[in-house]
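Please build the complete structure, drawing on both the sequences and the hints.
Residue numbers (the working numbering), protein chains in the order written: chain A, 1 to 408; chain B, 1 to 532; chain C, 1 to 332.
In case anyone wonders, no lab produced these hints; they're calculated from the structure. These numbers come from a predicted model, not from an experiment. Do not take every clue at face value.
Said to hold, decoys possible - Cross-link-like lysine-lysine pairs, in silico, DSBU-like; alpha carbons within 30 Å at most:
{"no.": "1", "chain 1": "B", "residue 1": "Lys89", "chain 2": "C", "residue 2": "Lys247"}
{"no.": "2", "chain 1": "C", "residue 1": "Lys134", "chain 2": "B", "residue 2": "Lys17"}
{"no.": "3", "chain 1": "B", "residue 1": "Lys505", "chain 2": "B", "residue 2": "Lys489"}
{"no.": "4", "chain 1": "C", "residue 1": "Lys240", "chain 2": "A", "residue 2": "Lys291"}
{"no.": "5", "chain 1": "B", "residue 1": "Lys128", "chain 2": "C", "residue 2": "Lys247"}
{"no.": "6", "chain 1": "B", "residue 1": "Lys65", "chain 2": "C", "residue 2": "Lys247"}
{"no.": "7", "chain 1": "C", "residue 1": "Lys68", "chain 2": "B", "residue 2": "Lys65"}
{"no.": "8", "chain 1": "B", "residue 1": "Lys129", "chain 2": "C", "residue 2": "Lys7"}
{"no.": "9", "chain 1": "A", "residue 1": "Lys291", "chain 2": "C", "residue 2": "Lys7"}
{"no.": "10", "chain 1": "B", "residue 1": "Lys198", "chain 2": "B", "residue 2": "Lys476"}
{"no.": "11", "chain 1": "B", "residue 1": "Lys520", "chain 2": "B", "residue 2": "Lys280"}
{"no.": "12", "chain 1": "C", "residue 1": "Lys134", "chain 2": "B", "residue 2": "Lys89"}
{"no.": "13", "chain 1": "C", "residue 1": "Lys240", "chain 2": "B", "residue 2": "Lys128"}
{"no.": "14", "chain 1": "B", "residue 1": "Lys133", "chain 2": "B", "residue 2": "Lys312"}
{"no.": "15", "chain 1": "B", "residue 1": "Lys233", "chain 2": "C", "residue 2": "Lys134"}
{"no.": "16", "chain 1": "B", "residue 1": "Lys89", "chain 2": "B", "residue 2": "Lys133"}
{"no.": "17", "chain 1": "C", "residue 1": "Lys240", "chain 2": "B", "residue 2": "Lys65"}
{"no.": "18", "chain 1": "B", "residue 1": "Lys27", "chain 2": "C", "residue 2": "Lys134"}
{"no.": "19", "chain 1": "B", "residue 1": "Lys129", "chain 2": "C", "residue 2": "Lys247"}
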Amino acid sequence: MNKRDSAHSDVAIGGLEVTLGDSVAGDAPSRATAPDPDMASKARAPLEAAGSKPESHWRLVTRRFLRSRSAIMGALLVLALIMSAVFADFLSPYDPTLRDSANFYMPPNAIHFVGKDGFSPVPYVHPLETTFDPNTFAAIFASDTSKECHFQFLGQGWRYRFLGFEFDRHLLTPAADCAMNVLGTDSLGRDMLSRILVGSRLTLIMAGLVVAVSITIGTLVGLVSGYFGGIVDLLLQRVTEFILALPELPFFLALVAIMPRNASPTTVFFLLAAILSLLKWAGLAREVRGKTLALSRVDYILSAEALGAGNARIILRHLLPNIISHVIVVTTLMIPQIILAESFLSFLGVGVQPPLVSWGLLLNAAKDMQNLGSYPWMLMPVGCILIAVLGFNLFGDGLRDAIDPYAN
Amino acid sequence: MPSTPFLEVRDLSVDFKLDRQRFRAVKASSFQLERGETLGLVGESGSGKSVTARAIMRLLPATAKLAITSEIIFDGQELARLDSESMRKIRGDRISMIFQEPMSSLNPLYTVGDQIAESLVLHQSMSKKMARKRAVELLDEVHIPDPEARARQYPHQLSGGQRQRVMIATAIANNPELLIADEPTTALDVTVQAEILKLLKQLQEKHGMAMIFITHDLGVVQRVCDRVCVMRKGEIVETGPTRSIFAAPEHPYTRQLLASEPSGEPLPVTQDAPELLSAKHMDVRFDLSWGSIWNRHRREIVAVDNVELSLKRGHTVGIVGESGSGKSTLGKALLRLMSDHGGEVTWNGERIDGYSRHEMLPLRPKMQVVFQDPFSSLNPRMSVRQIIEEGLVIHRIGNAGDRLERVRQALADVGLDPDCYNRYPHEFSGGQRQRIAIARVLVLNPDFVLLDEPTSALDLSVQAQIIDLLRALQEKYGLSYLFISHDLKVVRALCHDVIVMRNGKVVESGACSEVLSAPKSDYTRTLIKAAF
Amino acid sequence: MIGYLVKRALSALGLLFTISIVSFMMLQIPDGDYASYAKALAISQGGMSQQDAEAYAQDIRERYGLDKPVLVQYFTWAGNIVTHGDFGPSFSYNKPVSALVGERLPRTLAIALLCHLLATTFGVSLGIIAATQKHRMGDTIASTVAFLGMTIPRFFMALVILYYLAFVVRWPYIGSLYSPQYVFAPFSPGKLWDFLLHVWPAVLIATLGGLAYNARVMRGNLLDVLRQPYVEAARAKGLKESTVILKHAVPNALHPLVMHQGVILPYMISGELEVAIILSIPTIGPLMFNALTQQDINVTSSILLLLSAVLLLGNFLADVALALLDPRIRLS
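Below you can see the structure in the form of C-alpha cells.
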C-alpha cells in the first residue's frame, strides 16, 4: 500500500517543482529541507491570493537561479565569453594573422591609464626596447617610460568581414609606429591578444557543434529506447554500453592516429568534432532513457493515453518538456568537457591544425620546454580556458540547482 | 497538590527555517501523560503532530529550533534543555520510537538480529552474544515465527508487517517507559494494521509503557487511545478522554474532522438500467523476465485471475482489495490502457478487447480515468487550461473559443474558480489538483469514469469533499463509476455494488449493502472488522 | 550472487569482444595492407633496403595471414594476442608491442592505482565532512575544493607545475621515472623514494581531480542517505552521532560510489595519461602520444584494447565488491 510514500516518490519523478510549495504568491517556502511529508506540507497555502500572476516552470527556475550569486557569476562569464567571440574582430587591435618579423616573442606590455597628461580613458603603453645580451644573445626587453603610445578609440585598423559587411573600426586601434602587444606576440610576431580573441571562436564553435550533435542523438536514442522498449531498447542499450566502456582519452588518441595526415584543416576540424560527438552522446542517452522510463510510469502519461493521445503527442507534449530541463543542464556541463578535450588534443598538436586558431592550438607553442622557459606568456590561453570552464561549470551547477533543487 | 505527571509538555513551540523564511510548526502546545496511558495525537498533514513527537525525542532536523519557552518534563527531568549526551542515553532506553515507514526504517545492510542487538549492547552493556540471544527472544515476543532464523535475515527478506514488528522489537528491547508511535500502521494493509495495533496494545499492558500514538486515522484512535489531543496547524485545539471527544466534540475543528468520515449513501438507482461495461474471464499475467541474453530468468505473475464484472449505466461498482490484489491492474485492463490481457470486455454491447490503440480512439472520450495521486497525475509543465483541454484538442472538438468555454464550465463544475485556467499545477493544493484531474475528465462528457483510489492520497476532510463532488457529478451527468479503493468506508458511501479482490481473484461480490452487512467470506469479514 | 557475477562477467567479455573488433578495424583503415605499410615504414624509418623490406613484408604477411580473408585475419590476430600475448610489432620503436607496453603498462597502472586509492580515501572523507556539515564552514570549504578540483583542467595544473618545477625551483627529477643511479639498481627504499620524487606531480594532479569527483558523489549520496528513515531510527535508538554516521549512513552511501567506478576508473587512467604526456613520465601516455605522431597504429590500437580490458576488469571487480557489500545482491 504505502500510499503517501509512493505519492511522494512519484512527485519526485514527475517534476520536482510541484512540491515546491503551493503558494501562488512569489516566495513560497520550499519543501526542500523538510524531512517528512507531515512536516513539509505545512508550507502549503491554499489558492487564495487572487490577482497574482500564474507562474510557469521556467519563471520559477529563473527566480531560483537568480538567488545564487555563483550562478549569476557563471552566467555573466558565459555571456562575456560568447560576446567576445562574436565581436572578436572588433575587439582585436591587430590582425591576428599579421606577422611582424621585427617583433616576435615580445613579452606582454602592460597598459596604463594615468600618464603625464593625467588620467585618460583610452589606455596607452610604453614601447618596449629590445637589446641582446652580448654573451647569450637572449633578448632583453625594457620599457621606454619616456614614450607613451596611445590607443585610438574606435579608430581605423585592419579590415574584417562581419555579417557579410566589411568593417575596419576597432574598439582600440594601436598606433601604427608602435608595437602595442598587450599580451605579447608569438614566434611570428602575431599579436597574442588578437589571436586569443579570434581563437575563442573555434573553441566555442567546436563545443557548440559537438554538444548539438550529441544532445540530439543522445536525447533521441534515450527517448526512443526508454519509451518504446523491447528489441529496439535492447539494441540501443548495447550500443550505449559499448560506447561507455571505451576509455575516452585513449580512444581519442587511437582515432586521431588513423586520421588521414594530408586532410585539410577544415576536414580535420570536422573529423575531430565527429570523434568527440561519437563518444559524448552515450552518457546522455543513458540518463534520458532512465528519466523516460521513470516518467512513463507517472500517472499523467497514463492519463494522456486514456485521453487518446498518440505516441508523438505523448513524447512531444509530455515527456520532452519534462526531460528538456535535465538535458539543458547536462549540455551546459558538457561544454567545458569538450573545450578541455579539444584544447588538450590541439595543445598536443594533433587536434585543430593551423592556419585555424583555437586556444589549444595557441598553447601548442608552450609545449616545447625551451619555449615554455623562455616565453612563459605563451601559457596565456590557458587562463581563457580556465575562465571558460569555470564559467560554464558555475552556470551549469546553478542551472541544475534551480531546475532540480532536491538533488543536493 | 496532585503528583506531577509522568510526562508534561508545556508551551512547546518549534520554529522551522525554510528558504530564509521562518514559520512556526508547533505553537505553544501543552499536554500531559500518565504512566501506562495512551495519548493520541490526531491531525491532518501539516498539523505538527510528527514535529511534536520529534521534539520530545529531541530528534528535530537542523532546520528546526525549539523555542526557549518550551518545557518537556519527563519523570521530573527537563528534556528541552538537557545536554545532548544525557538525552542520547534516554533515547532508545527510557523513551523509544517507531516510525511510519517499515520498508525503510531498517538499515538494509545489517541483519535484523544485529539491529535489535545494537540497542541492547548500547544501553544495557550486554555482550554481543547475549544481545543476539535476547534479540531472538524479542522477535518471538513480537510474534515473528521462527525467530532464530529470522534474526539472521536482512530487512529486504521480510514483509512490511514483519519489518514493523522488528521495529517494535527494537523499540521495546530496553523496556522503555514511554513509546512514541508515529503513524506505525499507515503504510500497512488494513488486515496487517489490525494485527500490529493488537500487538502494540498487548505489549503496552505487559510492560506498563506509556504511549504517544500519532495518527490521522480516527478509527485507530478510537481503538487504541485513552485520551486524545486534536492538532491543527501546529496548535492543540482540543484535549480530552477519547470517549467524550468522540461523543461530544467541543471545538468546531474536531467536529468537522469527525464529520469528514466518509458518509452519505450512494444515489438511488433503478436496477433495469442498461449495461454499459462488462468483463468476462479477465486475466492479466505479467511475464517477468530479467537478466541478460545469456542468463534469462522468467516468472509469470497472475495479477488478475478470471474476474467477471458488470457495470450498469448510472451505477457505481466498487473494487476493494489490499495492495497486490490486482484491483488497479484490472482497472487499467478494462480501459485498455494495457493491451496484454485475456478475457472479454464489452462496452455498450460492443466487444472492445483486441481493439488496437487506433480503434480505441473514438471511444476514449466516453471512458475516462482519475488516478490516486494528484501530484503525479498532472503534467507540471502544462497550464490548467492546457491540461483540461488536451482531450478536446486530441479529439478535435470545438475551436479555441469553444474549448476555453468548456474548460471554464468544467472548472466551475468541480468547484474551482473558472478564471484560474492560466495557472500551473504547483500552485494548487492536493484536493484542488484532484478537482482539476476530475475537470479534465468531465470536459469530454464521458459516460464512464474509472476512479483509481482518487481519495487515498488526500486528507480526511478533503476526502469527504471529493466524495461529495463525485456523487453530485454522478447525479448531474448520469455518470457510471468504477471505484477502486482499499477503504471500505469510502466504498460504502459511494458504491452500489462491490467486488472484493485478493491476490488477483474475486473473493466475494454483490450489492454493497449486502456484502457489508452479511459478508460470506472470512477475508471480507476481516476487512470489515479492520475498517469499522 | 554467482548468477549475478557470471552475468556481469559475460557482459564484460561481450564488450571486450566488441572493442577488440574496433581495435582490429583500426588496423585495417590505412591504405594498403599492414605489411606494405610496415615495409614503407621499415624503409623510411628503419633504413632497410628495398629487397630486405619486401622480404620483411612477406614475412609479416605470412605470420599474420594477411593474404587470407578479413575474418581469418581477425581470428589469427586475436588468437596471437590471447595465446602468446603477441600484439604484433611496433615499427617506430622496432620492437614487439607487447614488450613496449609490457614495460610501461604496469607503471601506468601503479600510478593510477595509487592515485585512485588516495582519491578515494580523501574524496570520501571530504564528502563525509561536507554532507555532515551541510551549509556550514566544512561544507563550503569541501565543496569549493571539490568544485575547483573538478573544474581546473589537469593539463593546466600539469603545465603550471612543470613550469614551476623546471624554471623556478629547477627540480631535477623531471621527465623520467628514476634518477640515473637507480635505473638499473635493484629495489631498495632509496629507489622507492627516488621514484616518488619523480612521480609526485603526476600523482598529485591526477589525485586532485579524482578526489573532487569522489567528494561530490559522496556528498550527494550521503545527503540522500541521511534523509532515510533508518538513519532517524538509528538516532532514536540513542546511538552516538558518530556511530549513526559511520556505521549506518556511510556504508549505505558507499554503494553508489562503488557503482560509479565505471566513470571513476577511466577518469583516473585518463588523468595519468594526460599528466604523464605533459611531464614526460615514461608510462603509457607518452608512448601512445609518440606512436600516434608516428602513426604507429599497431601501438595505439593495442593500448586502446589493453586499457579497455583493464577498465572492464576494474568494473567487474567493482561488481564483485558491490555483491559482497550489499546483502540485497549477495542473497538474490
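Hints, one by one, checked against the model:
| no. | hint | in the structure |
| --- | --- | --- |
| 1 | B/Lys89 with C/Lys247 | holds, 18 Å |
| 2 | C/Lys134 with B/Lys17 | holds, 15 Å |
| 3 | B/Lys505 with B/Lys489 | holds, 22 Å |
| 4 | C/Lys240 with A/Lys291 | violated, 38 Å |
| 5 | B/Lys128 with C/Lys247 | holds, 16 Å |
| 6 | B/Lys65 with C/Lys247 | holds, 27 Å |
| 7 | C/Lys68 with B/Lys65 | violated, 80 Å |
| 8 | B/Lys129 with C/Lys7 | violated, 38 Å |
| 9 | A/Lys291 with C/Lys7 | holds, 25 Å |
| 10 | B/Lys198 with B/Lys476 | violated, 44 Å |
| 11 | B/Lys520 with B/Lys280 | holds, 22 Å |
| 12 | C/Lys134 with B/Lys89 | holds, 26 Å |
| 13 | C/Lys240 with B/Lys128 | holds, 18 Å |
| 14 | B/Lys133 with B/Lys312 | violated, 60 Å |
| 15 | B/Lys233 with C/Lys134 | holds, 29 Å |
| 16 | B/Lys89 with B/Lys133 | holds, 23 Å |
| 17 | C/Lys240 with B/Lys65 | holds, 21 Å |
| 18 | B/Lys27 with C/Lys134 | holds, 27 Å |
| 19 | B/Lys129 with C/Lys247 | holds, 19 Å |
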